[in-house]
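K.L.:
Quick mapping for you: the protein sequence lines, in order, are chains A and B. Residues in the first sequence are numbered consecutively from 1, following the working numbering. Residues in the second sequence are numbered consecutively from 222, following the working numbering.
If you are wondering where the hints come from, they were derived from the structure by calculation, not from laboratory data. Take these hints with a grain of salt, some might be off.
[Said to hold, decoys possible] Not the full set, but computed from the structure, chain B residues with beta-carbon under 7 Å of chain A:
no.: 1; residue: Met310
no.: 2; residue: Gly312
no.: 3; residue: Arg349
no.: 4; residue: Phe376
no.: 5; residue: Val379
no.: 6; residue: Gln404
no.: 7; residue: Ser407
no.: 8; residue: Pro445
no.: 9; residue: Arg510
no.: 10; residue: Val511
[Claimed, not checked] Distance windows between CB atoms, simulated:
no.: 11; chain 1: B; residue 1: Ser472; chain 2: A; residue 2: Ala58; range: 51 to 61 Å
no.: 12; chain 1: B; residue 1: Ser499; chain 2: A; residue 2: Arg121; range: 19 to 29 Å
no.: 13; chain 1: B; residue 1: Gly345; chain 2: A; residue 2: Arg221; range: 25 to 35 Å
no.: 14; chain 1: B; residue 1: Thr386; chain 2: A; residue 2: Val218; range: 22 to 32 Å
no.: 15; chain 1: A; residue 1: Val218; chain 2: B; residue 2: Ala391; range: 37 to 47 Å
no.: 16; chain 1: A; residue 1: Ala37; chain 2: B; residue 2: Ala442; range: 32 to 42 Å
no.: 17; chain 1: A; residue 1: Arg121; chain 2: B; residue 2: Gln412; range: 58 to 68 Å
Here the structure is a predicted model, which means the values were calculated and not measured. Every residue, glycine too, gets a C-beta built ideally from N, C-alpha and C.
Single-letter residue listing:
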Amino acid sequence: MLSEFLAEYSGLLVQGTLDTLVMVFASTAIAYVIGTALGVVLHLTVRDGLHPAPLLNAVLGWVVNIGRSLPFIILLIALMPATAALVGTSTGVRGVIPPLVVATAPFVARMVEQSLAEVSRDAVEAAEACGASVPRIVFSALLPEALPSIVRGIAVTLIAVLGYTAIAGAVGAGGLGDIAIRYGYYRYENEVMIATVVLLVILVQLIQSACGWIARRVDHR
Amino acid sequence: MISIQHLYKNYAEPAKTGRGKAGRAAGIDGSYAASVSGEPVLVAAAAAGATSEAVSAVADIAPAANGAFALNDICLDIADGDRFGIIGMSGAGKSTLVRTINLLERPTSGRIIVDGRDITDLSGSALRSYRRRVAMIFQNFGLLAQKTVLDNVCFPYVAASGKVTAENRAHALELLDRVGLAQKASSYPSQLSGGQQQRVAIARALACEPEVILCDEATSALDPKSTNTILKLLRDINEETGVTLVIITHSMDVVEKICNNVAVLDAGRVVEQGPVASVFEAPRAEATRVLLGKVDWDA
């Protein structure tokens with residue numbers, strides 16, 4: 001029975017898994033480029049930060065909060081025209097990456113801000129007292145010190161994005177979420193539903209373990 | 222020579238923003254004082270028979286926070302090559318004071334003159350190059366936990382130029398050898414004891430080839446044995462290189478062991494200063510007697 005099931009659906013499930021992985025990793029990677037920059041600026045510009053700029057901090061904070069307030073399904077639909085203009089389509093794997101990035105970057109910004117806030121104030125002050133400029137403190141002290149925490153944050157982000165991709169399945173993005181909805185929900189094929197759930201559980205475990213392992217490797221505390 | 226002149230630091234001012242210019246400017250011309258309470262302060266000060274200079278100093282700042290200052294009219298001269306102690310209880314303002322010397326905190330008013338140059342308003346690259354001449358060591362060491370001991374000692378080079386040359390690295394290793402930790406170069410700070418971490422911090426401070434080392438409670442987190450090691454190291458470095466040491470502590474023991482001169486800080490004011498021996502033999506201020514343990518503790 002299992003072999004029958006696999007014969008019928010393995011191609012579909014493998015393709016779905018690959019689509020999911022591409023969506024998750026591509027959008028998380030882009031979101032980290034944007035979100036890390038935002039997080040660093042948020043961290044630096046607070047009132048007692050290394051480069052206080054309360055107005056900029058407030059405006060950025062607002063933008064980030066707005067980005068985080070929109071439910072992903074709404075964001076996905078609202079951004080469709082922009083997505084189509086940007087990547088030529090608003091469906092499929094490619095069409096879902098822009099809304100995923102828009103939804104994830106503000107999340108990443110807060111995660112990175114949090115990680116930077118955990119860095120020992122003494123160490124940062126010592127760097128300042130050595131005469132380091134703010135960019136140098138960011139790149140030579142703050143970010144390296146926060147790295148293990150940032151890596152742990154990446155695991156949280158990847159898993160959150162994995163959840164978003166399932167939602168994106170609702171608008172034809174492809175991936176495991178799409179399969180679960182089309183086969184499991186619309187066609188009552190419970191085996192397919194269970195298979196997608198098992199695959200998602202395995203993905204979450206792998207992501208968490210891998211990030212945990214990397215975080216331990218880079219952490220010298 | 223570090224000359225601290227009529228330094229005030231307001232509690233209300235947010236730390237480290239470097240945006241205290243309005244407050245300072247107002248303090249200098251007295252308009253802030255006048256705008257807050259007008260004449261009475263001047264009158265009171267004059268009535269008390271103060272000199273005109275003292276009158277202007279009082280008028281500058283007195284109304285700003287009803288006398289509640291973290292630092293209140295601090296005047297100190299610290300000679301080159303001196304080992305100068307600043308002692309006081311927790312909250313006396315000694316950390317704030319030492320942090321104004323390298324402008325980690327901006328004074329509200331007053332001047333800091335280093336080797337004849339007013340550094341109080343330095344900013345940007347001028348501030349950064351000034352800070353390279355004034356190293357600092359901290360109570361909690363302030364080492365970068367994710368960098369090796371050697372990379373920590375090399376950090377001042379990164380701060381200065383963004384890179385570390387082979388020559389820098391060799392010099393850093395010499396400094397680690399000087400503090401007795403050459404064999405720990407590739408360890409991480411978490412693998413070292415507190416005393417060892419502070420020795421790394423001292424090596425890092427020396428990498429700047431500083432003229433002054435500010436020691437902010439450098440031995441307060443250490444046991445007596447490590448404290449002695451660190452104090453001896455600092456004293457020897459002072460004698461070898463002539464670097465000026467400014468030592469913040471709440472421990473008379475530390476002052477007695479290593480300082481030549483001492484200022485006693487109480488509630489933001491210097492209540493006593495002079496050579497260590499004379500201050501210890503004939504303490505005049507109540508705060509000094511308390512710090513010396515010369516009051517009935519059960520009273």
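K.L.:
With a cut-off of 7 Å on the beta carbons, see whether Gln404/B makes it to chain A.
P.N.:
Where the cut-off is 7 Å and the nearest Cβ of chain A is about 18 Å from Gln404/B, the hint is violated.
K.L.:
Taking 37 to 47 Å as the stated bounds, is the beta-carbon spacing between Val218/A and Ala391/B within them?
P.N.:
violated (27 Å)
K.L.:
Identify whether the interface hint at Arg349/B stands, where standing means a beta carbon of chain A within less than 7 Å of its own.
P.N.:
holds (4 Å)
K.L.:
Going by Cβ atoms only, is Val379/B closer than 7 Å to chain A?
P.N.:
Hint on Val379/B: holds, closest Cβ of chain A at ~5 Å, below 7 Å.
K.L.:
Could you check the hint for me, namely that Gly345/B and Arg221/A are 25 to 35 Å apart, CB to CB?
P.N.:
Holds, at about 33 Å.
K.L.:
If I claimed the Cβ atoms of Ser472/B and Ala58/A lie 51 to 61 Å apart, would that claim hold in this structure?
P.N.:
violated (44 Å)
K.L.:
Indicate whether the distance between the beta carbons of Ser499/B and Arg121/A respects the range 19 to 29 Å.
P.N.:
violated (38 Å)
K.L.:
Can you tell me whether the CB distance of Arg121/A to Gln412/B sits inside 58 to 68 Å?
P.N.:
Since the Cβ atoms of Arg121/A and Gln412/B sit about 22 Å apart, the hinted range of 58 to 68 Å is violated.
K.L.:
Answer holds if the nearest beta-carbon of chain A is closer than 7 Å to that of Val511/B; otherwise answer violated.
P.N.:
violated (29 Å)
K.L.:
Does Ser407/B pass the interface hint, meaning its C-beta sits closer than 7 Å to a C-beta of chain A?
P.N.:
violated (11 Å)
K.L.:
Hey, does the Phe376/B contact hint survive, CB to chain A under 7 Å?
P.N.:
Check passed: Cβ of Phe376/B comes within 6 Å of chain A, closer than 7 Å.
K.L.:
Taking the CB of Thr386/B and the CB of Val218/A, does the distance hold inside 22 to 32 Å?
P.N.:
The hint (22 to 32 Å, Cβ to Cβ) holds, given that Thr386/B and Val218/A are roughly 26 Å apart.
Violated hints, in rising order: 1, 2, 6, 7, 8, 9, 10, 11, 12, 15, 17; the structure is consistent with all others.
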